[in-house]
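Participant: Since the structure of chain A is already known, use the hints to place chain B on it.
Read top to bottom, the protein sequences are chains A and B. 1 is the number of the first residue of the first sequence in the numbering used here; add one for each residue after it. 1 is the number of the first residue of the second sequence in the numbering used here; add one for each residue after it.
The set of hints was computed from the structure by calculation and includes no laboratory data. Fair warning: this is a prediction, and the values are worked out from it, not measured in the lab. C-beta atoms are modelled at their ideal positions from N, C-alpha and C, and glycine is treated no differently. Hints are not guaranteed to be accurate.
As the list claims (entries may be wrong) - Stretch-level coverage of chain B by chain A, calculated; a stretch enters the list once three of its residues show a Cβ under 8 Å from a Cβ in chain A:
1) 108-122
2) 207-214
Said to hold, decoys possible - Label pairs and their computed distance ranges (CB to CB):
3) B/F265 / A/M35: 37 to 45 Å
4) A/N264 / B/V30: 44 to 52 Å
5) A/P66 / B/D202: 27 to 35 Å
6) A/Q143 / B/P94: 34 to 42 Å
7) A/L112 / B/A160: 54 to 62 Å
8) A/D246 / B/E32: 52 to 60 Å
There are 2 protein chains.
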Amino acid sequence: MNKIKNIAIQGIKGSFHHSVAENYFGNSEVFEECMTFDILVDCLLNGKSDVAVMALENSIAGSIIPNYALIDVNDLRIVGEYYLDIQHHLMALPNQSIEDIKEVHSHPMALLQCKEFFKSYPEIKLVEARDTADVAKEISDRQLFGIAAIASETASNLYALNILQRSIQTITHNETRFVIVKRDDEILENDINKASLKFELDHKRGSLAVILNVLSDCKLNLTKIQSLPKINTPWKYAFFIDVTFDAYSDFDKAKSIVKIMAENFKILGEYKNAKS
Amino acid sequence: MNKIKNIAIQGIKGSFHHSVAENYFGNSEVFEECMTFDILVDCLLNGKSDVAVMALENSIAGSIIPNYALIDVNDLRIVGEYYLDIQHHLMALPNQSIEDIKEVHSHPMALLQCKEFFKSYPEIKLVEARDTADVAKEISDRQLFGIAAIASETASNLYALNILQRSIQTITHNETRFVIVKRDDEILENDINKASLKFELDHKRGSLAVILNVLSDCKLNLTKIQSLPKINTPWKYAFFIDVTFDAYSDFDKAKSIVKIMAENFKILGEYKNAKS
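The shape of chain A in the complex, shown without the other chains:
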């Protein structure tokens, strides 16, 4: 990883993407702050960034399908993954209590994950914003009293906000899976024991079962599966599958078989399992 110069993150410093980038690469790197996932991908494609960090799924909202599409359509390659246990804290300018808060601004996903907490505060208006950390920064920059952010501990420190209530998300163990992506022309890392695949099948009885039997026969473990009807093509389905394996040769064997049996077989990435 010693060649990394610039890492694209979604959101600004203090965002959860920033935390993942720091944990994965160390905090001496240069970050490109991107307000949308489209801009993040552009940073990779135009060479401004060498690598990007992208949230891909969590246990509450499931897969972030548009990000799968961005990886697929732009032929990016997943080269690593990282699981972050996301703790959402409610924060505002100092010397205020929750009773002083009229509005809470945050990313729709953060609002969704904390909605149970706010049922006890029906008078607080929830407003959707682009990025969790960006709201924290704005409250600080513009000295906005009466408005709170839902963001990370790092954001509260960076932007000098006071945490009114810690860990307000409904599910206490709130793990989100991030992937590290690159352009598809880089050398692979070592220690590969996980892969993300995409393929298509006709709507024919048992077609998926046959593929899963092959993966199982080749000693591959399935850690994720998701079907998606193929846009503009009735009765055709795309499948996104993650597998883990002990020996790369087993995966190699499975690849050569599935490539023949399924249509439009594509490897989205081969990388090291973060949960082994």
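Facilitator: Chain B alone, transformed into the frame defined by chain A:
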């Protein structure tokens, strides 16, 4: 369906949920306008509504996992489905052109589905709102010039807005699957040939392949599959699966086998396939 008295929809009249309710039940019914899916479920549980319409998946964003969770946790039952080809139109008060528009307000999903269109209009600010039709109503009620909505043709008629550009969504054929849900104490409809199932499996090689083999042997067709890591339980996965079948007896047989082989087997609904 002659006992239906009150239908809960997400959003207000003119929303896509409203269109689905009208197409499925006829337009002589009484609608309960709910601003969130939580409120919609409450309407069912407290008996205010007999039935509710709920978006469940689309080809761009995939499954709406929080809605699956609402059905599962509250023991609701899926009793029908409807596919709506969603066409997003850009609309504003009359006598304006696109060049007069400073901001477009709409639901995050609608903004996502139209983002390619707005790349040609970088000066237009995109603002997330709760409901597509609600923005149209507000523009009309408050006579907001310079602001446009992304909503349905019905909304433009209901709220007297002028369509500036038709069908601005990126994917021209933009189909969303809605389900009709009830409390779990109602009599089932006839003509059942589709079902939504949920079960859990340990992370053991081939465990899913075995279940899919059973479904295939019982002549069931898979139309959807989605794994979800079980919250707070590492190495355990929940699966949401939709199947279609010709004979109910085949489904009955599969049910009795899967119930033994998988954990926490649950039928989320048995209903008539809208695509047969």
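Participant: Take the hints in turn and mark each one as holding or not.
Facilitator: Results for each hint:
1. For a cut-off of 8 Å, the count of residues in the segment 108-122 of chain B with a CB near a CB of chain A stands at 3, and the three-residue condition holds.
2. With 4 residues bearing a CB less than 8 Å from a CB of chain A, the segment 207-214 of chain B meets the requirement of three and the coverage assertion stands.
3. Separation of B/F265 from A/M35 is about 44 Å and conforms to the stated range, judged on CB atoms against 37 to 45 Å.
4. Checked against the hint of 44 to 52 Å, the C-beta distance between A/N264 and B/V30 comes to roughly 47 Å, which is consistent with it.
5. Against the hinted window of 27 to 35 Å, the Cβ-Cβ separation of A/P66 and B/D202 comes to about 31 Å, which satisfies the hint.
6. Look at A/Q143 against B/P94: about 41 Å separates their beta carbons, and that is inside 34 to 42 Å.
7. Against the hinted window of 54 to 62 Å, the Cβ-Cβ separation of A/L112 and B/A160 comes to about 33 Å, which falls outside the hint.
8. Checked against the hint of 52 to 60 Å, the pair A/D246 and B/E32 passes, with Cβ atoms roughly 55 Å apart.
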